[in-house]
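The primary structure of each chain is shown beneath.
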Amino acid sequence: MNIYFDNAATTVCGDTVANAVFTAMKEVYGNPSSVHSLGQKAALALDRARSDVAKLLNCEAKEIYFTSGGTESDNWAIRSAALTGALKGKKHVVSSKFEHHAVLHTLNRLEKEGYEITLLDVYSDGIVRPEDAERAIRDDTALVTIMYANNEIGTIQPIAEIGSICRRKGVPFHTDAVQAVGHIPVDVKADNVDMLSLSAHKFNGPKGVGVLYARQRVPLNIFMEGGAQERGRRGGTENVAGNIGLATALTEAVENLEANAAKTIAIREKLVKELLKIPKSRYNGDPEKHLPGVANFCFEGIEGESLLLKLDAAGICASSGSACTSGSLDPSHVLLAIGLSHEIAHGSLRLSFNEQNTFEEADFIIKTLPPIIEKLRSMSPVWERIQKGGK
Amino acid sequence: MPAYSKAVMDHFENPRNVGRIEDADGIGEVGNARCGDIMKMYLKIDDDVITDVKFNTFGCGAAIATSSMATELIKGKTIDEVLTLTNKAVVEALDGLPPLKVHCSVLAEEAVKSALVDYYNKSGRAKPKALEDFKVNGDAHDAPTNS
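Top line first, the protein sequences correspond to chains A and B. Here the first sequence stands for residues 1 to 391, where the numbers follow my numbering. Here the second sequence stands for residues 1001 to 1147, where the numbers follow my numbering.
Bound-form chain A, shown alone:
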């Protein structure tokens, strides 16, 4: 039995999507660059996928670049804006402290290369303030990049407001919308976005496929030299089947967005209400400006990895921001950025779910989690101290 509550990590491919990918692989196998009819069939299918995605994001097909996923899109967008800025003497980038590592590590690299990076605070509610973004923008700012919704705590950022500030100041604005697209309404025009990254496997599409949206007026550098694919900016034979899978998954997700969100939010509210009955527990991030399917908790006195192992033994797949699960000394940079202590951040649990999850599954988690926490606390010297009222 697997109760899968780790949908912010990745999702299962839907049947329609898997069938579309399978069919494309078997029947639309021509190279879109080939002159013959099979090649042209593939080129047409690819065009259709591109214009479907464009429609769903409210942009032009020629503004859609297929990539290998969110990480590539983030790298490409940031690198391109940084290089373009540097040509005009602009070597400053504004971002936030709780971005995904695809963004933060790219910015670290830029810093080593001589760029200045300003990382905005995210406050205890897990939300960036537009006025902070406005204050941080300088004459030499080459790019502002702020994530649409946070992957660990699910808080939604004021993207349209920040986008509007950037537009007014003439600074390119990129958003890593990997967790948002397919789950909440995203419209690149209404959101005043110049570049946007998305990834198919976060909305029941295949892994290894993503999109970079780049507004026509925004210069976009060549990512990979090669053939003339992706308007000459990303060489290499296109992943036709994968891109069709992405378009199919996005179409399904957007068509059912409201109904899916309603069910997912109901599951979240149930989980939050019941799990917060556990003593010394907390829910992380603003509860209103929030993705439907992410709920992040901290339980004092326990450590996240041991919690995940016990949940897994009970058939529940979840994730945590503890150091042991991040493979580093520190717990999640996201939880530290919202002001949690290391000690509390180690005891975090992220449950992420979607419309395919059921209320029965949520009930099972609600029933299973408290005794596990109790057991881990019963052998925890940290919990002993908390009980005694010390630190």
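Derived by calculation from the structure, the hints in this document are not laboratory data. Don't be surprised by glycine CBs; every beta carbon is placed ideally from N, CA and C. One or more hints might be untrue.
Incomplete in silico selection of chain B near chain A, CB under 7 angstroms [as the list claims (entries may be wrong)]: (1) R1034; (2) I1038; (3) G1061; (4) G1096; (5) V1117; (6) Y1120.
Not everything, but these chain B residues come out facing chain A in the computed CB check (under 7 angstroms) [as the list claims (entries may be wrong)]: (7) V1018; (8) A1033; (9) G1036; (10) K1040; (11) N1056; (12) F1058; (13) C1060; (14) I1064; (15) A1130.
Assemble the complex: chain A is given as a structure, and chain B must be docked to it using the hints.
Same frame as chain A, now just chain B:
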């Protein structure tokens, strides 16, 4: 997540000697919550033999499993025997640990030694040579141990 051996999972799922000893002869606590691991070891010592041992651990699967294994390895042993216990012995008894988790075994060794130091300090007896220079520093993360 790291792939743990069956032995690690067994000691994590069914940890041996969990608990506290109210009238312990020596208590050692190592690690810190900042890094996500704290081990607390309680010893009962009679005639230089570890007659009972209990532990409490806040930490990951490997932290709990290494604490548990360490208690098994020292129970019933003489202090001299216990002093030869290294983290390697704990790792081997657990059929190996993922590289990132080896520091947990270092903590387990230090928890035992730290409890022994406490025993000697409390009893006023002279520490054996092996414990004279003992300092808790083993967290491979290089983190401060008393923050």
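How the hints compare with the structure:
no., hint, verdict
1, R1034, "holds, 4 angstroms"
2, I1038, "holds, 5 angstroms"
3, G1061, "holds, 5 angstroms"
4, G1096, "violated, 17 angstroms"
5, V1117, "violated, 18 angstroms"
6, Y1120, "violated, 22 angstroms"
7, V1018, "holds, 5 angstroms"
8, A1033, "holds, 4 angstroms"
9, G1036, "holds, 4 angstroms"
10, K1040, "holds, 4 angstroms"
11, N1056, "holds, 5 angstroms"
12, F1058, "holds, 4 angstroms"
13, C1060, "holds, 4 angstroms"
14, I1064, "holds, 6 angstroms"
15, A1130, "violated, 25 angstroms"
Of the hints listed earlier, those the structure fails to meet are numbers 4, 5, 6 and 15, in rising order.
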